[in-house]
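S.K.: Spelled out, the chains give:
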Amino acid sequence: MEYRICNVEDLPEGERVIAEVGDIEIGVFNIKGRYVAYENRCMHQGGPVCRGRLLGRWEELLSPEKKVTGGRHSDTDIDIVCPWHGWEYDALTGENIADRTIRLRKIELFVDDGALVALVPDEAGVRVDG
Amino acid sequence: MTSTTTERRRSEALILNTRPREDLLRNAEREARLRQLHRFPIFDVDCHVIETMHLADIVPYIQNEAIRDRYQHVPSAAALNLPSAYGDKDVAGRIYRDEHIPGTRGVPRVQDLIRDMRRMGVNAASVFPTPMLALGEHPEVEVETALGQAYNRWLIDHCLKEEPALKAMLYLPFNDPEAALREVEQLGDAPGVVGFLVTSVRRNPVYHNDFLPVYAALQERNLPIGFHGGVNWTKASVSGSLNRFLTVHALDFPLYNMVHLFNIIINGLPERFPGVRWLFYEAGLAWLVFAAMRLDNEFMMRPSEAPLLKRKPSEYMRDMYFGTQPMEYPDRMEHLELIFELLDGANHFLYASDYPHWDFDLPSRIYDLPFLSEEDKRKILGGNALRVFGIDPASLEPTGSE
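Going line by line, the protein sequences match chains A and B. Each residue of the first sequence is one higher than the last, beginning at 1 in the numbering used here. Each residue of the second sequence is one higher than the last, beginning at 1 in the numbering used here.
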């Protein structure tokens, strides 16, 4: 099933839309001009990860002698952080930055006639693992 | 609707409110519904109010006039000077809760706490304070006693009497054993009181003869005693060299619980007071493996240092009760399964949320464990706690019907 989310120009860089598509809730993001969408369900405890903060990944800076000289937010690596417990995911790939084997459930997106459209498989109900 | 050139069906998505700090528990409600958690009672042994937001209401309950005057003058949490205030619990604002919760520290209004619990699928809960978890290290013993006693009476009058879904292990002012005994004697039968709590960040030797009347009074009333972990991030503490809240939190919660558990067992308190039930909160489960194996090994080499023991230390641990939160998240589930097996988790682990603190656990953490039977899941999520606290499951309000 396809779901029209919004017009492309209505989702500027760094912004998001939270939408209900069939049985699931998704977050649609514009990350530096690239559009990505994930199920709004953290892999930890099902938290509202897509309502979390988008932040440049925090990096620690080392001198040639390996002293910590400070820190900064990355300009290139953007993370989304689940507000429930702080699980942090690469916003472009959905990979958890502390354990790359854990990934948010990605939802396929495409642009059609100026609109962002999410393609959600018909069997894509919410799953309970365990 | 935008016209489509494909053969696929297309609908308009339902756009939801995107304000980030609104309705964050919508997801918790969904997780409970997916698992149909309303089918059986769920009791959360550990959730939190921010009692210091009610300091103005608590102060009139302070019996010591000089201390009452002090806090009437400055009724703020800052005036308590508690070391638990250190540390960035929210990871520079990455972790947050619904708007009615300041930071992730607790829920000020008990009505909001109960509404949130219901959304998670919890029928009833035992509530603890938040900043006062560090009150045991307060250098003025009379202040700890006065505030602890006042908190207990405020909690009974303003929360427990009004909300049957809320229970409490009351605060034991453990730096003053006589005052602690008086609390058990005076409040042990009060409505909603299911036991007494020692905030475990403290240095009291729990085996000292001064505390024996407290254990005897608890045993006589069939009330459990709990120990709730916490942090003490001061230069003078054992955690003084740690430079991240991650590490001080990882170490201190189990550390303080472990010190008391070691003292309780090796000094033979379970043999001296066999009717007392010992509960430990908020240190996860992994520390139990260390404690059980380490104590057993030492005991085998030095049994004459623990002559009151008739069994190995780990066997006494199997009689104790442990809150599950924050339950560890190992790569291999069988590692967690071994801990449940080692400590008879099916009968002695108690689901704890710690809601709304930063590392809270939903009931799904227990319900999704693949190695537990449905019966064991229900015991850990509610049955064990209802048994320990003597609560009739029929007295609980339902949480949902789907």
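Derived from the structure by calculation, the hints contain no laboratory data. Possibly wrong hints are sitting among the right ones.
[Unchecked claim] List time: in silico BS3-like cross-link candidates among lysine-lysine, alpha-carbon distance up to 30 Å:
1. A:K66 / B:K235
2. A:K32 / A:K106
3. B:K89 / A:K66
4. B:K89 / A:K67
5. B:K89 / B:K235
6. A:K67 / B:K310
S.K.: Hint by hint, say whether it matches the structure.
M.R.: Outcome of the hint check:
1. Between the alpha carbons of A:K66 and B:K235 the distance comes to roughly 26 Å, so the proposed pair stays at or under 30 Å and holds.
2. With a CA separation close to 18 Å, the supplied pair A:K32 and A:K106 stays within the 30 Å bound.
3. Under the criterion of a C-alpha separation no larger than 30 Å, the hint pairing B:K89 with A:K66 is consistent with the structure, at around 28 Å.
4. The straight-line distance between the Cα atoms of B:K89 and A:K67 is roughly 26 Å, inside the 30 Å bound, and the hint therefore holds.
5. For the given pair, B:K89 sits about 19 Å from B:K235 by alpha-carbon distance, which is consistent with the 30 Å threshold.
6. Only pairs whose Cα atoms come within 30 Å are accepted, and A:K67 paired with B:K310 is rejected, the gap being roughly 54 Å.
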